[in-house]
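Asks: Given next are the chains, with one letter for each unit.
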Amino acid sequence: MDLRQRNLLRKRLTTFQAGAWLMVLSLGLVYAWLQVVRRSELQKLALSQAVKVRTTPAPRGIIFDRNGHRLVDNRRAHHLVIQQEDLPKDFAQVESLAGALEQDPDQLKRRVQLALSAGMKRSLIVQDNLDDAGLARAENLRARFPFLSIEVAPRRVYQGDELAAHVLGYVGEVNPQLMSKEPGRYQLGEIVGRSGFEAARNDVLKGQDGQRKSLVDQLGREVALYGLENSTPGQSVYLTLDSGLQKTMQDAFGEERGAGVVIDLRDGGILALYSSPSFDPNAFLGHMSQENVDQYVRNPTQPMLDRATQGLYSPGSTYKLLIALCALEKGIISPETTFTCHGKKTYYGREFRCDGVHGTLNLVQAIARSCDVYFYELGMRLDVDEIHATAAKYGLTELTQVDLPNELPSRIPSREWKAKHGRKEKKWYAGETISVAIGQGQNGLTPIALARFYAMLGAKGKVLTPHLLYAQRDEAGQMKTLPPPKARETGLDPKIWAALDEGLYEVVRSGTAHKSALPGVAMCGKTGTSQVTAFVDKAHYRTLAKQFRDNALFAGYAPHENPQIAWAVVVENAGFGADAAAPIARKLCQYWFLDRLKRPLPAPGGKLPDAFEEAQSEEAEAEPIDKAVIAPEAPASKVVPKPHDAGGLR
Amino acid sequence: MNSPLTPAGLNKSTRNLDPVLVFLVLVLTALGTLTLYSAGKGTAHQSLWIRQSVWNGLGLLAMLLFSRFDYRRLAQSSLSIYIAGLLSLLVVLVIGHTVAGSKSWLSLGGVSLQPSEFVKWLVLLFVAHRLGTKSPEALTNWDLVGAAGLLFFPMFLVLKQPDLGVAMTYTPILLLFPLLRGIRWRWVMAGALGFTLLCTVAWNYKLKVYQKERILTFIDPSRDLKGKGYQVNQSRIAIGAGGLWGKGYMSGSQTQLNFLPVKTTDFVFSVWAEERGFVGILMALALFGVLLHRILAIAGEATTAIGTYFCVGAAGIFGFHILINIGMVSGALPTTGIPLPFFTYGGSSTLAFFLALGIIMNIHHQAKSR
Chain F
8 MDLRQRNLLR
18 KRLTTFQAGA
28 WLMVLSLGLV
38 YAWLQVVRRS
48 ELQKLALSQA
58 VKVRTTPAPR
68 GIIFDRNGHR
78 LVDNRRAHHL
88 VIQQEDLPKD
98 FAQVESLAGA
108 LEQDPDQLKR
118 RVQLALSAGM
128 KRSLIVQDNL
138 DDAGLARAEN
148 LRARFPFLSI
158 EVAPRRVYQG
168 DELAAHVLGY
178 VGEVNPQLMS
188 KEPGRYQLGE
198 IVGRSGFEAA
208 RNDVLKGQDG
218 QRKSLVDQLG
228 REVALYGLEN
238 STPGQSVYLT
248 LDSGLQKTMQ
258 DAFGEERGAG
268 VVIDLRDGGI
278 LALYSSPSFD
288 PNAFLGHMSQ
298 ENVDQYVRNP
308 TQPMLDRATQ
318 GLYSPGSTYK
328 LLIALCALEK
338 GIISPETTFT
348 CHGKKTYYGR
358 EFRCDGVHGT
368 LNLVQAIARS
378 CDVYFYELGM
388 RLDVDEIHAT
398 AAKYGLTELT
408 QVDLPNELPS
418 RIPSREWKAK
428 HGRKEKKWYA
438 GETISVAIGQ
448 GQNGLTPIAL
458 ARFYAMLGAK
468 GKVLTPHLLY
478 AQRDEAGQMK
488 TLPPPKARET
498 GLDPKIWAAL
508 DEGLYEVVRS
518 GTAHKSALPG
528 VAMCGKTGTS
538 QVTAFVDKAH
548 YRTLAKQFRD
558 NALFAGYAPH
568 ENPQIAWAVV
578 VENAGFGADA
588 AAPIARKLCQ
598 YWFLDRLKRP
608 LPAPGGKLPD
618 AFEEAQSEEA
628 EAEPIDKAVI
638 APEAPASKVV
648 PKPHDAGGLR
Chain X
3 MNSPLTPAGL
13 NKSTRNLDPV
23 LVFLVLVLTA
33 LGTLTLYSAG
43 KGTAHQSLWI
53 RQSVWNGLGL
63 LAMLLFSRFD
73 YRRLAQSSLS
83 IYIAGLLSLL
93 VVLVIGHTVA
103 GSKSWLSLGG
113 VSLQPSEFVK
123 WLVLLFVAHR
133 LGTKSPEALT
143 NWDLVGAAGL
153 LFFPMFLVLK
163 QPDLGVAMTY
173 TPILLLFPLL
183 RGIRWRWVMA
193 GALGFTLLCT
203 VAWNYKLKVY
213 QKERILTFID
223 PSRDLKGKGY
233 QVNQSRIAIG
243 AGGLWGKGYM
253 SGSQTQLNFL
263 PVKTTDFVFS
273 VWAEERGFVG
283 ILMALALFGV
293 LLHRILAIAG
303 EATTAIGTYF
313 CVGAAGIFGF
323 HILINIGMVS
333 GALPTTGIPL
343 PFFTYGGSST
353 LAFFLALGII
363 MNIHHQAKSR
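Here the protein sequences come in this chain order: F and X.
In our numbering, each number is its position in the first sequence, counted from 1, plus 7.
In our numbering, each number is its position in the second sequence, counted from 1, plus 2.
No lab work stands behind these hints, which were simulated from the structure alone.
Please note: incorrect hints may appear among the correct ones.
Pairwise CB distance ranges (calculated) [claimed, not checked]:
hint	chain 1	residue 1	chain 2	residue 2	range
1	X	L199	F	P112	32 to 42 Å
2	F	L36	X	L200	49 to 59 Å
3	X	V22	F	W40	29 to 39 Å
4	F	V230	X	L218	31 to 41 Å
5	X	S253	F	A39	43 to 53 Å
We put the beta carbon where it would ideally sit given N, CA and C, even for glycine.
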């Protein structure tokens with residue numbers, strides 16, 4: 008090779024060397040991009056696939072009544088589940104599993120799909136609450152479908168079944184609607200309160216879920232524990248409810264439809280709240296049987312509806328106390344003012360009837376005998392907006408703020424209301440005020456609002472906030488009472504109050520409800536009968552079908568000399584308030600003031616075979632608020648044998 | 003120089019072994035073996051590093067052997083060696099066994115060999131011999147076309163296996179030799195045109211569905227996140243997770259928890275990247291850079307044109323392996339099963355790499371001892 012070629016060669020080799028370094032440099036840049044610029048993003052990705060988080064659900068708080076009786080408990084239950092890492096991707100398998108379980112294959116597929124795509128951090132419950140036979144079947148299924156496993160988890164048990172369904176509510180897996188309403192708040196598969204107190208105070212009861220983080224390999228097998236956060240059990244609480252009084256109310260309603268609320272005048276605590284027909288919350292915990300769906304959800308009598316907080320009833324004559332209060336405060340009448348009843352009277356060219364011919368009576372007599380003409384006269388002298396203002400002053404127009412979900416506001420008509428909601432006619436006619444004055448017409452009150460109004464009367468003008476949360480259970484198992492929600496003073500004139508009080512006292516002593524008088528307890532109250540449909544006369548009324556009969560109401564407080572409780576009872580299509588509703592209130596007073604002190608009803612539901620979290624003996628340690636209330640060593644399981652418990656795990 | 007005690011062409015002195023190359027080979031082999039140990043740990047490939055060490059030992063022996071054997075003598079018999087190589091490829095097509103879809107393996111007494119890995123060096127030797135023995139003046143473009151023709155037969159046979167990756171490793175010779183000799187632009191243009199034509203024909207008639215799929219997946223990795231795209235995706239995560247300083251030896255989650263696929267062969271460099279981070283990458287790249295630099299420097303000092311051609315071709319083949327593999331695991335280049343020298347597990351490729359290095363060392367030795 009000559010020199011020229013040698014130099015040319017060297018030049019080209021140098022170019023090749025430069026090319027080699029250029030290649031190395033470009034590769035270096037690629038790696039700099041991944042390892043320097045994108046490192047945190049890729050490190051996160053690496054961690055997210057290597058660390059699997061599984062939520063360990065916290066047991067929900069136990070719910071006691073005010074005496075320390077368990078209303079809601081946790082029990083150890085076996086569920087057939089698919090662990091998150093075992094979720095099958097082969098949907099033919101899911102389909103045949105659904106077939107084996109006699110479930111809707113599309114629904115199961117949807118759930119598996121959702122769990123897969125959302126990266127569910129809990130196991131997917133395929134069949135819940137297995138009994139012995141179910142466990143055996145589940146074991147067989149596991150042989151066929153290896154991705155199944157059996158998990159032990161706490162499960163709610165609602166003592167007394169239908170006893171306090173609308174108060175307690177029930178729990179269930181969070182539904183997609185709730186999840187999309189508050190994104191990030193709930194996890195897929197999380198158990199939340201779906202109705203009642205369980206829903207209203209879900210945050211208190213739910214506790215803090217734990218987390219188990221583990222390192223998994225590419226196949227999802229756990230290699231090592233990565234981190235552990237223990238769950239904090241939910242707060243156990245005491246309700247203001249007295250299960251004995253609740254039971255009394257349940258029995259008193261029997262087959263009748265309606266609702267009743269009893270309020271403690273000391274603090275506004277709800278001693279009993281029952282909506283009839285009721286339902287068994289235990290039926291809602293897992294997969295519902297068709298029988299239960301038909302019985303509860305598709306039933307035209309609407310057992311799921313909480314009539315106490317969501318049922319709007321025409322108040323009938325129970326409304327007359329508001330009219331009287333309004334008229335007295337406006338100075339239109341004094342307690343001594345009299346009107347004369349001839350059984351009917353014409354106002355604005357229309358004839359309005361009364362139940363009887365009462366003659367000349369003053370306010371107390373008018374209340375006691377529920378004379379409509381007396382209140383027509385007041386209605387003629389009052390403006391509907393004045394009535395509305397008085398209702399607002401005494402808390403009837405607002406929500407009671409009870410700690411139950413979806414409470415409906417009462418409907419108290421006014422000019423503004425009619426302008427907004429009137430169907431055909433937007434203008435208010437004075438004649439309508441006449442109807443309103445006896446509680447007919449457009450008025451609609453929830454039983455709890457009515458009870459609160461009568462509680463206000465019983466408490467001499469104090470507007471209480473009805474509530475259920477009474478106390479918390481601290482770590483030592485001791486009851487720690489919580490301050491009740493604030494009550495509002497209205498400045499009700501004691502003279503006015505005294506007149507109304509006397510009227511209500513006379514109703515039971517000598518008036519419309521005298522048949523329901525309870526020896527030894529001076530009850531005060533007002534009967535009400537509200538028309539469900541128009542009828543011509545009594546003969547015609549007797550031919551009406553049950554669902555067109557009048558609603559019966561009775562609201563009041565007791566005892567007269569020192570009011571302690573107030574109530575409202577509504578019985579649907581039962582006829583006269585004095586006949587149907589007042590006896591229920593009488594039974595409530597009978598239990599609360601007499602029987603309870605001598606022979607309190609035992610704890611609902613009987614003894615638990617297998618309490619999940621706490622030893623049974625703790626129940627005795629819990630300090631009851633009222634010494635008189637402690638149940639004697641009641642043979643509980645003998646008293647209330649429930650078929651539900653027979654299937655429990657022992 | 004030749005001692006009567008040693009066979010002709012063997013030099014007993016090791017004094018003239020290139021210290022830079024020896025250092026690079028030893029360090030890279032050590033790093034590769036350590037990485038392989040970590041990659042195989044706890045898997046079915048747990049003992050792979052031992053087998054690779056055996057291959058490395060054999061390779062080092064072969065390297066020493068060939069570093070003492072005069073490459074010019076080797077070149078003289080390169081025609082027969084070339085033909086033997088072609089025959090071995092033919093034999094593989096008939097009686098070879100298939101691994102991962104390629105019928106490219108021969109079983110010889112319990113050891114599996116991949117003749118195509120050796121043939122590329124034999125072809126290089128033969129082409130270098132053909133071009134190097136002509137005087138530079140007499141060398142025409144047709145000689146280059148002829149050399150391309152010599153490459154064509156073995157490439158065709160390897161493509162028949164089919165093993166696109168290995169066949170592609172033959173191509174650097176095609177590119178570098180014309181550049182080394184000097185080439186006119188119209189030939190470059192003609193070559194580019196021919197290549198485009200070839201690609202079009204290959205895409206439409208020759209490439210298998212899986213090969214097309216790989217290329218398409220390279221262009222858009224999200225196309226196939228569970229298959230090929232999954233591999234590259236996991237590899238990028240491993241590399242990125244290594245960050246600046248790395249997760250530490252045997253401490254990478256991607257590697258140790260098996261998220262990284264084929265981590266003892268094609269994606270072994272991602273293991274290194276995850277454990278040693280960007281700093282380790284720079285170190286490995288620098289070592290490879292110096293290796294290429296050094297081989298090209300030896301090309302410059304070679305006493306014969308054969309030696310120059312061989313070294314340039316060898317640098318091309320080494321560079322190609324390095325570029326394609328390191329580029330592939332980072333997702334910058336399409337996924338192809340091309341081994342990374344000193345890192346990827348594999349007997350045949352390891353032995354062949356060491357063999358080539360032995361020849362290069364001999365070229366260096368001849369230049370020093372002239």
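Asks: Next, verify each hint and record whether it holds.
Replies: How the hints compare with the structure:
1. X:L199 / F:P112: 32 to 42 Å: Once the Cβ atoms are compared, 55 Å apart, the range 32 to 42 Å for P112 of chain F and L199 of chain X is violated.
2. F:L36 / X:L200: 49 to 59 Å: Hint violated: Cβ distance 30 Å, outside 49 to 59 Å.
3. X:V22 / F:W40: 29 to 39 Å: holds (30 Å)
4. F:V230 / X:L218: 31 to 41 Å: Holds, at about 35 Å.
5. X:S253 / F:A39: 43 to 53 Å: Given a distance of about 22 Å, which is not inside 43 to 53 Å, the answer is violated.
The structure does not agree with the numbered hints 1, 2 and 5 stated previously, though it agrees with the rest.
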